[in-house]
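A.B. asks: Spelled out, the chains give:
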Amino acid sequence: MNTPLRRVGLAMLGMIILLLANATYIQIIKADDYREDPRNQRVLLEEYSRQRGKILAKGANNQVMLATVLPTNDRLRYLRQYTAGPTFAPVTGYYSVRYGAGGLERAEDEILNGSDDRLFVRRLSDLITGRDPRGGNIELTINPDAQTAAYDAMAKAGFAGSVVALNPKTGEILAMVSTPSYDPNTLSAHDGIAQEKAWKEYNADKRKPMLNRAISETYAPGSTFKLVVAAAALEDGKSKDDQVTSTDRLQVGGSELRNYNRGFCNGTPDGVTMEVALSLSCNTAFAQLAGDLGPQKIAEQAAEFGIGENDLVVPMKVEQSCLGPSASCMTVADKAALMQTGIGQRDVRLTPLQNAQIVATIANGGERMRPQLVKSILAPDLSEISRLDTDSLGRAMSRDAAGQLRDMMVASEAKTGGDGKREGLTIASKTGTAETGNDPKNTPPFAWYVAFAPADDPKVAVAVVVESQDVAATGGKLSAAIGRATMIAALGGG
Amino acid sequence: MSTPVQGAVGPATGQNSAATEPAAPTRRGTELLLLGFAAFVVSAALMLVEANQEQQLTLRIVWYGLAFLGLFAVAHVAVRKFAPYADPLILPCVALLNGLGLVMIYRIDLAMTEKALRAGREINNDVPKQILWTTVALALFLAVLIVIKDHRTLTKYSYTFGLVGLFLLALPAVLPSFIAPTINGAKIWLKVGPFSLQPGEFAKILLLVFFAAFLVSKRDLFMAAGRRVLGVDLPRARDLGPVVFAWAVSLGVLVFQKDLGTSLLFFGTILVMLYVATERAVWVVLGLTLFVGGAIIAYNLFTHVQQRVANWFDPLATYADAGGGYQIAQALFGLGTGGIGGTGLGAGRPELVPLANTDFIAAAIGEELGFIGLAALLLVYTVLALRGMRSALAVRDTFGKLLGGGLSFLLIMQVFVVVGGVTKLIPMTGITAPFLSYGGSSLLANYVLIALLLRISDAARRPQTGARPRPVPQAPIAEAHTVMVQRPQVERPE
Numbered sequence: 001m002n003t004p005l006r007r008v009g010l011a012m013l014g015m016i017i018l019l020l021a022n023a024t025y026i027q028i029i030k031a032d033d034y035r036e037d038p039r040n041q042r043v044l045l046e047e048y049s050r051q052r053g054k055i056l057a058k059g060a061n062n063q064v065m066l067a068t069v070l071p072t073n074d075r076l077r078y079l080r081q082y083t084a085g086p087t088f089a090p091v092t093g094y095y096s097v098r099y100g101a102g103g104l105e106r107a108e109d110e111i112l113n114g115s116d117d118r119l120f121v122r123r124l125s126d127l128i129t130g131r132d133p134r135g136g137n138i139e140l141t142i143n144p145d146a147q148t149a150a151y152d153a154m155a156k157a158g159f160a161g162s163v164v165a166l167n168p169k170t171g172e173i174l175a176m177v178s179t180p181s182y183d184p185n186t187l188s189a190h191d192g193i194a195q196e197k198a199w200k201e202y203n204a205d206k207r208k209p210m211l212n213r214a215i216s217e218t219y220a221p222g223s224t225f226k227l228v229v230a231a232a233a234l235e236d237g238k239s240k241d242d243q244v245t246s247t248d249r250l251q252v253g254g255s256e257l258r259n260y261n262r263g264f265c266n267g268t269p270d271g272v273t274m275e276v277a278l279s280l281s282c283n284t285a286f287a288q289l290a291g292d293l294g295p296q297k298i299a300e301q302a303a304e305f306g307i308g309e310n311d312l313v314v315p316m317k318v319e320q321s322c323l324g325p326s327a328s329c330m331t332v333a334d335k336a337a338l339m340q341t342g343i344g345q346r347d348v349r350l351t352p353l354q355n356a357q358i359v360a361t362i363a364n365g366g367e368r369m370r371p372q373l374v375k376s377i378l379a380p381d382l383s384e385i386s387r388l389d390t391d392s393l394g395r396a397m398s399r400d401a402a403g404q405l406r407d408m409m410v411a412s413e414a415k416t417g418g419d420g421k422r423e424g425l426t427i428a429s430k431t432g433t434a435e436t437g438n439d440p441k442n443t444p445p446f447a448w449y450v451a452f453a454p455a456d457d458p459k460v461a462v463a464v465v466v467e468s469q470d471v472a473a474t475g476g477k478l479s480a481a482i483g484r485a486t487m488i489a490a491l492g493g494g
Numbered sequence: 495m496s497t498p499v500q501g502a503v504g505p506a507t508g509q510n511s512a513a514t515e516p517a518a519p520t521r522r523g524t525e526l527l528l529l530g531f532a533a534f535v536v537s538a539a540l541m542l543v544e545a546n547q548e549q550q551l552t553l554r555i556v557w558y559g560l561a562f563l564g565l566f567a568v569a570h571v572a573v574r575k576f577a578p579y580a581d582p583l584i585l586p587c588v589a590l591l592n593g594l595g596l597v598m599i600y601r602i603d604l605a606m607t608e609k610a611l612r613a614g615r616e617i618n619n620d621v622p623k624q625i626l627w628t629t630v631a632l633a634l635f636l637a638v639l640i641v642i643k644d645h646r647t648l649t650k651y652s653y654t655f656g657l658v659g660l661f662l663l664a665l666p667a668v669l670p671s672f673i674a675p676t677i678n679g680a681k682i683w684l685k686v687g688p689f690s691l692q693p694g695e696f697a698k699i700l701l702l703v704f705f706a707a708f709l710v711s712k713r714d715l716f717m718a719a720g721r722r723v724l725g726v727d728l729p730r731a732r733d734l735g736p737v738v739f740a741w742a743v744s745l746g747v748l749v750f751q752k753d754l755g756t757s758l759l760f761f762g763t764i765l766v767m768l769y770v771a772t773e774r775a776v777w778v779v780l781g782l783t784l785f786v787g788g789a790i791i792a793y794n795l796f797t798h799v800q801q802r803v804a805n806w807f808d809p810l811a812t813y814a815d816a817g818g819g820y821q822i823a824q825a826l827f828g829l830g831t832g833g834i835g836g837t838g839l840g841a842g843r844p845e846l847v848p849l850a851n852t853d854f855i856a857a858a859i860g861e862e863l864g865f866i867g868l869a870a871l872l873l874v875y876t877v878l879a880l881r882g883m884r885s886a887l888a889v890r891d892t893f894g895k896l897l898g899g900g901l902s903f904l905l906i907m908q909v910f911v912v913v914g915g916v917t918k919l920i921p922m923t924g925i926t927a928p929f930l931s932y933g934g935s936s937l938l939a940n941y942v943l944i945a946l947l948l949r950i951s952d953a954a955r956r957p958q959t960g961a962r963p964r965p966v967p968q969a970p971i972a973e974a975h976t977v978m979v980q981r982p983q984v985e986r987p988e
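Protein sequence lines, in the order shown, are assigned to chains W and L.
Going by my numbering, the first residue of the first sequence is number 1, and it counts up by one from there.
Going by my numbering, the first residue of the second sequence is number 495, and it counts up by one from there.
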């Protein structure tokens, strides 16, 4: 009986060897496939339990921690917290165990969670010293004062819309506001039910609080697009004093294009200078001008300002701004379409960031700088790993043309009403009121205000858009005050 | 270090005072030393869990540790008294497996509590219940050691055992579902108050004892050759009775209780015992043919069998299906994430696998202790089963050989079926890992199994005193050979 017992013993060994061989296959040979399977939450959960890096911004004389972590006693170990959550939400984004990350939290995730290669040496020393791996920190270009001023002004008025402020010389994004906003603290809460409730509420809200209007939404630019037409005309050899038409009506395709006040530009049928036409925002003059310049020159000038660019990241992806319908982004269908485009109507759509880039380029003497949100990347111990490189994206217009356009905008600001003007601060600006919808006369327009200041040595450029609720709204009334308040805050004048 | 010496000498001199031959060492000291080692490993594992889960060393933990040490100290003393010559490796192996199981169940409790806390629910921890079960199981272990002084007495009650075994096996299938509910598709539980029992676990052992006794008493019948076909001795048709019976019972379990695992276990073990008893491979071939036939019929008849096979074939493909491969895929993700070295005890996410503390506890260990840990675990099982097999080889009576071989094989078969299922070697059949998994019935039954193995090993190693037992009619050459290996100092006249 012992011989079969021995054989059974061998069979038992054989079964164990089979199990071991199979475990080798699963845990060693196929391990990476299983580890990296998108349905495997383990790696993700491990990252969530790491001490995530901070997001911070430096104001004139203060430093604001926009996103920090609080050690907790639960399994996730750290709770993500946001200072003034709704104000900075379009910048920081959110970080949710259940719903992933958005905004900068997503775009710079590798730095913040500590897996970026640039942090490798430090991770290694963490391993040796036995400290838990920590994420790197990110310092933003955001000016907390400007951001807060812009958000407060928008939120107090109950406006839906966006404010973007840039440093024209460096491309640094000083403010990026989107309203209505959401509180990322509710999404990073460790309470799963609270998280789910907030997420569902935000997504069900028709006002789309989680949409970052500054970079992910495009608006018809209205009269602010006249700056692009004017730039193209100046580049084409015209000057601000050259005469343009002042007619009260223009036949465009099957319909009539008229001025805002329904009369002649500047009250005269004899023509006006381009400067006056811009300052009074005469539609006929710029429609005619665009039609005369032709689609080629308008499209080239627009592209030089960055319209049509589809690969811009700040480091969040910026939605493409277009002249034409999205299928043919940079083509204008015909002359009628071109003339309507010249006054910022028809299919032309810009993100608030794009419109801010246009004024910033004018402010910077015609040279366009890459907009950037990250000023520096800091190691866990706050030593600097890398710093923002200002990056020129090329010249959109000559210095002289930019100077003339600035003068035209200063004249425009003088004609623009609204609150918030400040003695001694020269602002160059342009307003716009873009008609929307299929029934433009009865649909509230988008009210734009794009500007930079001080006009002679620009330090801040701003674009404000308000999705107004008021059918009779114009850019001047609604947006100008917000734009001015933002610029004054950015200039340190609170 | 004085304990082993005392232990080795004490009982031996007392028993063999009249004999001139040197006393056989009892090896109880070795057992105690190894139990101490097992307690050390388990305590270290518990500390790792505590460290990684950042729990404070609460009194609760001390209680767990002391409970473990105390329980096995009692078991050791009992073995010392009632089975002094038992194999010294068996009890430490069991203690190690049971202890690691408790640590793992505790560790999964922590994760589940955390999860429930976040979802705002409350759950009952499993580990106190499992400690209670361990206590009860050790009491049963003691009872078996005390009551059964000689394993051969079991043969007297073999038919009773067989009938009771069948009754227990069939019980859940015939009882109404308020007392025998269907859980996870199988109707194998009895619910009594807060406790649920699987009578099938005990039925396995009872039927095994019955089969061993039955085969020994009818052994000559099976040895008698039937017709010879193509050089193979076919058994006579009427001798097919037992194998057909086993086949019918396991098929019945499959059909009426939908319990693939028990069915497979039962059939495989009976087949092996038949082979050992008759020394004829033809039984294995015949049995496997029946098994394949039964499996094909089951596959075609039952959708849940088809689903299991599909989940085995590609769990990632049926991942999202109802009753699909989600569970196995999660286990594979865990095993893959663990890789060679594992995430560390308490640092993984074993709770992501449903049933992590019962059927899938091997996946939890593979995730946190890696391939190394899983392989070590399998080797502990191997040592345990091979020590059992060695006792079966060494014991002098055929019943002991058959029972010991059957019990050892049953142990490895359980490990093969459950670990093979978890690691996708074979279709998942849902049984518990002996000593590791949470579950009272399995623990109780396996402790009975171990008590019987210890009893057989005690008989195998006990020096023969006084009159030799009546000669057993069995192959003398095989017998002599065994004794040569086991105890070279005893010269046999045959």
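Among the hints, erroneous ones may be present.
[Unchecked claim] Here are the simulated BS3-like cross-link-like pairs (lysine-lysine), alpha carbons at most 30 Å apart as the crow flies:
hint: 1; chain 1: W; residue 1: Lys197; chain 2: L; residue 2: Lys609
hint: 2; chain 1: W; residue 1: Lys208; chain 2: W; residue 2: Lys197
hint: 3; chain 1: L; residue 1: Lys623; chain 2: W; residue 2: Lys200
hint: 4; chain 1: W; residue 1: Lys58; chain 2: W; residue 2: Lys297
hint: 5; chain 1: W; residue 1: Lys54; chain 2: L; residue 2: Lys752
I should point out that these hints are in silico values taken from the structure, not numbers from a laboratory.
Given the structure is predicted, the values throughout are model-derived calculations rather than measurements.
A.B. asks: Hint check: W/Lys197 vs L/Lys609, CA-CA at most 30 Å. Holds or violated?
C.D. replies: At roughly 18 Å apart (the allowed maximum being 30 Å), L/Lys609 and W/Lys197 satisfy the hint.
A.B. asks: Regarding the pair W/Lys208 and W/Lys197, is the alpha-carbon distance no greater than 30 Å?
C.D. replies: Holds, at roughly 16 Å.
A.B. asks: Next pair to validate is W/Lys58 with W/Lys297; report whether the Cα-Cα distance is within 30 Å.
C.D. replies: Since the Cα atoms of W/Lys58 and W/Lys297 sit roughly 41 Å apart, the hinted pair is violated (cutoff 30 Å).
A.B. asks: Hey, W/Lys54 versus L/Lys752, does the alpha-carbon distance stay inside 30 Å?
C.D. replies: violated (55 Å)
A.B. asks: Are L/Lys623 and W/Lys200 close enough, with their CA atoms no more than 30 Å apart?
C.D. replies: violated (40 Å)
The structure fails to meet hints 3, 4, 5 from the earlier list, while all remaining hints are met.
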